[in-house]
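Undergrad: The primary structure of each chain is shown beneath.
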Amino acid sequence: MNYADIRRLVKLVESSDIGELEIEEGGARLKIAKPSGSASAAPTFMPFPYPMGAPMSAPSGYTPASPSGAAAQAESAPITAAPAKKMHEVQSPMVGTYYRAPGPEAPPYVQLGDMVKPGQVLCIIEAMKLMNEIESEVSGRIAEIRVDNAQPVEFGQILFRIDPA
Amino acid sequence: MFKKVLVANRGEIALRIIRACRELGVQTVAVYSQADADSLHVRFADEAICIGPARGKDSYLNIPRLIGAAEITNSDAIHPGYGFLAENAQFAEICRESNISFIGPSPETITRMGDKALARQTMAAAGVPILPGVEGVLRDEEHALKEAARVGYPVIIKAVAGGGGKGMRIVRNAEELPRNFNMARVEAETSFSNGDVYLEKYLEHPRHIEIQIMGYTDGHAVTFGERDCSIQRRHQKLIEEAPSPVMTASLRKQLCAAAVKGAESVGYVGAGTLEFLYQDGGFYFMEMNTRIQVEHPVSEMVNRIDLVKEMILAVAGKESLKKSPAIEGHAIECRINAEDPDKGFIPSPGQITTFHVPGGMGIRVDTHAYAGYKIPPYYDSLIAKLIAFGNDRDEAIKRMSRALDEFIIEGVATTIPLHRRILASREFASGEYETTFMEHFLEAGKKD
Numbered sequence: 001m002n003y004a005d006i007r008r009l010v011k012l013v014e015s016s017d018i019g020e021l022e023i024e025e026g027g028a029r030l031k032i033a034k035p036s037g038s039a040s041a042a043p044t045f046m047p048f049p050y051p052m053g054a055p056m057s058a059p060s061g062y063t064p065a066s067p068s069g070a071a072a073q074a075e076s077a078p079i080t081a082a083p084a085k086k087m088h089e090v091q092s093p094m095v096g097t098y099y100r101a102p103g104p105e106a107p108p109y110v111q112l113g114d115m116v117k118p119g120q121v122l123c124i125i126e127a128m129k130l131m132n133e134i135e136s137e138v139s140g141r142i143a144e145i146r147v148d149n150a151q152p153v154e155f156g157q158i159l160f161r162i163d164p165a
Numbered sequence: 001m002f003k004k005v006l007v008a009n010r011g012e013i014a015l016r017i018i019r020a021c022r023e024l025g026v027q028t029v030a031v032y033s034q035a036d037a038d039s040l041h042v043r044f045a046d047e048a049i050c051i052g053p054a055r056g057k058d059s060y061l062n063i064p065r066l067i068g069a070a071e072i073t074n075s076d077a078i079h080p081g082y083g084f085l086a087e088n089a090q091f092a093e094i095c096r097e098s099n100i101s102f103i104g105p106s107p108e109t110i111t112r113m114g115d116k117a118l119a120r121q122t123m124a125a126a127g128v129p130i131l132p133g134v135e136g137v138l139r140d141e142e143h144a145l146k147e148a149a150r151v152g153y154p155v156i157i158k159a160v161a162g163g164g165g166k167g168m169r170i171v172r173n174a175e176e177l178p179r180n181f182n183m184a185r186v187e188a189e190t191s192f193s194n195g196d197v198y199l200e201k202y203l204e205h206p207r208h209i210e211i212q213i214m215g216y217t218d219g220h221a222v223t224f225g226e227r228d229c230s231i232q233r234r235h236q237k238l239i240e241e242a243p244s245p246v247m248t249a250s251l252r253k254q255l256c257a258a259a260v261k262g263a264e265s266v267g268y269v270g271a272g273t274l275e276f277l278y279q280d281g282g283f284y285f286m287e288m289n290t291r292i293q294v295e296h297p298v299s300e301m302v303n304r305i306d307l308v309k310e311m312i313l314a315v316a317g318k319e320s321l322k323k324s325p326a327i328e329g330h331a332i333e334c335r336i337n338a339e340d341p342d343k344g345f346i347p348s349p350g351q352i353t354t355f356h357v358p359g360g361m362g363i364r365v366d367t368h369a370y371a372g373y374k375i376p377p378y379y380d381s382l383i384a385k386l387i388a389f390g391n392d393r394d395e396a397i398k399r400m401s402r403a404l405d406e407f408i409i410e411g412v413a414t415t416i417p418l419h420r421r422i423l424a425s426r427e428f429a430s431g432e433y434e435t436t437f438m439e440h441f442l443e444a445g446k447k448d
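Protein chains in written order, with our numbering: chain A, 1 to 165; chain R, 1 to 448.
Read the hints as simulated data drawn from the structure, not as lab findings. Each residue gets a CB set at the ideal place from its N, CA and C atoms; glycine is no exception. A few of these clues could be false.
Claimed, not checked - Simulated DEER-style distance windows between Cβ atoms: (1) A:Glu135 to R:Ser193: 29 to 35 angstroms; (2) A:Gly27 to R:Asp58: 34 to 40 angstroms; (3) A:Lys129 to R:Asp342: 52 to 58 angstroms; (4) A:Asn149 to R:Glu406: 52 to 58 angstroms.
Generate the whole structure from the sequences, applying the supplied hints.
TA: Written as structure tokens, this is what we have:
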């Protein structure tokens, strides 16, 4: 399932009498719900089950399994752009804990599908009690969020994939 | 006891520390630069965190990234190894502030012993023999001239904050002194951002003999005897042995007692080494290294003690050795570097295609290399330490020679052929060599 497919499904739900559509494919679930009669349907994406288990447990998943260097994040996220398209990868410039929002109650800086501009804050990485804002270097759409809130990240770890626009 | 130790280093020493931790039942975290992703220490640790690109200052020297890695892995201690931040008082201080145990002495002790002039003063006060020289910094030319006359020429002017041969000037008479004093100050300012210099008596043909100590949290220290590290090229050690061929039992007793006293006088905790120059029957304290050293294995073999385990236990405040062990047997270590001795020791990074390590009785190899390993060009050239142990020096030499013949490394140039020649030489066999040995040996070798 790629972004184009999802867009088509959203249009389908919008233009029909379908109130709610749920699809499961390749380990990911997509649910599109129309809030009682409204014309627009915002797709909500289920979080991907990361194979290394709960993000707060011993980060044995950070040990690279292959000689390629950066953390071995399994390529399990099916909600990506078609493989032919070149994505911009946002890599962690530091070692610390990833937070998706400025505070525990605050809304996340970005969500899947959001358009971002250069300089826009994407997330916070915390280390040594200091919060560091990580800014986007490109314009584009958040195609993938590869880390969970409060997950430890290492240098070079891929945080986001942005579909450049 | 620590639950998890982050190893803030790479290469063979990182693996060494991981091994000690495993034996102690302590979890390990390896940190690595992107250039070291295939390194053995990464594979053998329980966890591994990438901390940056290849350059030291962006990875192994990067304090925020190291502390960040310790935080996200919940490490309660950091072992700094040798080199990098091992003797960086600021790093030790930040560890302390971050509630992480630094496996080494306190920041205050590191600072004190890192200041060469201050270290000399401290040891002198503890009765450790020091090289005749000035107590403290040379104020000006006049002061330098006066002190040089008192100490007696030849003298050497050294940078207080220095090392590695920089900011050092040998002066053989009073006429040469003012010029060299000023040049040394400029060099020191440029190299270390600190123009302070001091002077010492200069020994023309000394041996470099060092004493290994271990301090404990209850305030006492023990010693593991000496290592003779006189075989050096440009102040880099090539071969070390324990005990020293020139040490006598009574000299050892005297020197070790002084070393212990010196360590206890500063409340030293952890592994440390006091370096001495020895010439014409006299020992003179040079400096103290507040870290575990590359050549620690030779002391381990003759004392039958794992010094890395011991230093972890010492800093953790665990049970300690009550008294110094007795030295038995003889150990020699050859540092195998990826350098070409026939081409001016030019570094030889690249891929190791064959790597066959020697074995058999009395042979130990500490290495992070393996067949297929690509030696990165960004770090030091040490790829293996070959240690031979025997019941006496003669057996150790024969064993080392045999092992060097078996050590097959292909794909990169190494210093193995040079070590074989040194071990086969009459001077080495006689045990009568000093720090000028390598220079003469290499010169003589060129004539062949």
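Undergrad: A separate judgement is required for each hint: does it hold in the structure or not?
TA: Do the hints match the structure? See the list:
no.: 1; hint: A:Glu135 to R:Ser193: 29 to 35 angstroms; in the structure: 34 angstroms, holds
no.: 2; hint: A:Gly27 to R:Asp58: 34 to 40 angstroms; in the structure: 36 angstroms, holds
no.: 3; hint: A:Lys129 to R:Asp342: 52 to 58 angstroms; in the structure: 53 angstroms, holds
no.: 4; hint: A:Asn149 to R:Glu406: 52 to 58 angstroms; in the structure: 55 angstroms, holds
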